[in-house]
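> Protein sequences, first through last, are from chains A and B. Sequential numbering from 35 applies to the first sequence in the numbering used here. Sequential numbering from 35 applies to the second sequence in the numbering used here.
For the record, the hints were derived by calculation from the structure and aren't laboratory data. Hints may contain errors.
The list cannot tell twin chains apart, which means a pair is met if one copy fits it or any two copies do.
20 Å max Cα-Cα, derived DMTMM-like pairs, lysine to aspartate or glutamate [claimed, not checked]: (1) Lys55 <-> Glu155; (2) Lys95 <-> Glu142; (3) Lys98 <-> Asp138; (4) Lys95 <-> Glu48; (5) Lys68 <-> Glu152; (6) Lys68 <-> Glu45; (7) Lys89 <-> Asp43; (8) Lys80 <-> Glu105; (9) Lys39 <-> Glu105; (10) Lys95 <-> Asp43; (11) Lys39 <-> Asp77; (12) Lys39 <-> Asp138; (13) Lys39 <-> Asp139; (14) Lys39 <-> Glu155; (15) Lys146 <-> Glu88; (16) Lys55 <-> Glu42; (17) Lys146 <-> Glu83; (18) Lys55 <-> Glu45.
In this text, all values refer to a predicted model and were calculated from it rather than measured experimentally.
Single-letter residue listing:
2 protein chains.
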Amino acid sequence: MKKTKFIEDREQLEKLAPVMKAPIRRHVFVCTGKSCSQVGAADVKKEFERILQEKGIRQGKESKGRNPMGEIVLTECGSVGFCSIGVAVLVYPDGIWYGQVTADDVREIIEKHLENGEIVERLALINIPQ
Amino acid sequence: MKKTKFIEDREQLEKLAPVMKAPIRRHVFVCTGKSCSQVGAADVKKEFERILQEKGIRQGKESKGRNPMGEIVLTECGSVGFCSIGVAVLVYPDGIWYGQVTADDVREIIEKHLENGEIVERLALINIPQ
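Please take these sequences and the hints and turn them into a complete structure.
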């Protein structure tokens, strides 16, 4: 395993991880565990990528078609226990877990929830109190 | 791809996903992307598993040594942009991103932050406002 030196200097850290300077508002996780993958997780993730990048709000490297100052972070994650009711999509820091999400639901989640803070009630199954 | 029928009945959903009934307080993500894996992500994740299960606070199936009514969910996730300053560990809904985490830091994150709500400042690099 690679041993690395602990860096304390904030400026140096920001150069290594520009995401530290982004005005992140929401973090979306799409479960790409085995069961969610069988019901379309890859398509759900691709649709998030497509629409978020089209809107220019996905945080990430410009060379990947993303926005270094984007407000939305999109990441895949492992199983969260929604294996029978996937695809699971989580939105934090709101603490909302969506189940049974298909690619057709993605635009609604982006435009209602990510952009306007309104939960898509028909898909929301868990709401973690803050 | 498997086509599934949309389930509306809450009781049926809870049977399929018992995590819906758990009193979740915090969700920890350990990045297991390529770069974080090179600096010990697997060890960090294992240490979270070990201590959380020893304390009986990790949500999950009893058959896996977890607690169906546990307050902490532990999940792995893909790259979040901390590739040069891993291992990345995220704690939600708090919105805290830790960097440069090693297995030696895990007990402190669990006992200070997950159990007592105090951020481990020396490792915290991003704080997403709620």
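> For every hint, state whether the structure bears it out.
Results for each hint:
no., hint, result
1, Lys55 <-> Glu155, "between (32 Å within a copy, 17 Å between copies)"
2, Lys95 <-> Glu142, "neither (25 Å within a copy, 32 Å between copies)"
3, Lys98 <-> Asp138, "neither (24 Å within a copy, 34 Å between copies)"
4, Lys95 <-> Glu48, "within (14 Å within a copy, 39 Å between copies)"
5, Lys68 <-> Glu152, "neither (29 Å within a copy, 34 Å between copies)"
6, Lys68 <-> Glu45, "neither (39 Å within a copy, 24 Å between copies)"
7, Lys89 <-> Asp43, "neither (33 Å within a copy, 35 Å between copies)"
8, Lys80 <-> Glu105, "within (18 Å within a copy, 31 Å between copies)"
9, Lys39 <-> Glu105, "neither (30 Å within a copy, 33 Å between copies)"
10, Lys95 <-> Asp43, "neither (22 Å within a copy, 42 Å between copies)"
11, Lys39 <-> Asp77, "between (39 Å within a copy, 18 Å between copies)"
12, Lys39 <-> Asp138, "between (45 Å within a copy, 15 Å between copies)"
13, Lys39 <-> Asp139, "between (44 Å within a copy, 15 Å between copies)"
14, Lys39 <-> Glu155, "between (46 Å within a copy, 18 Å between copies)"
15, Lys146 <-> Glu88, "within (16 Å within a copy, 40 Å between copies)"
16, Lys55 <-> Glu42, "within (16 Å within a copy, 41 Å between copies)"
17, Lys146 <-> Glu83, "within (16 Å within a copy, 35 Å between copies)"
18, Lys55 <-> Glu45, "within (10 Å within a copy, 43 Å between copies)"
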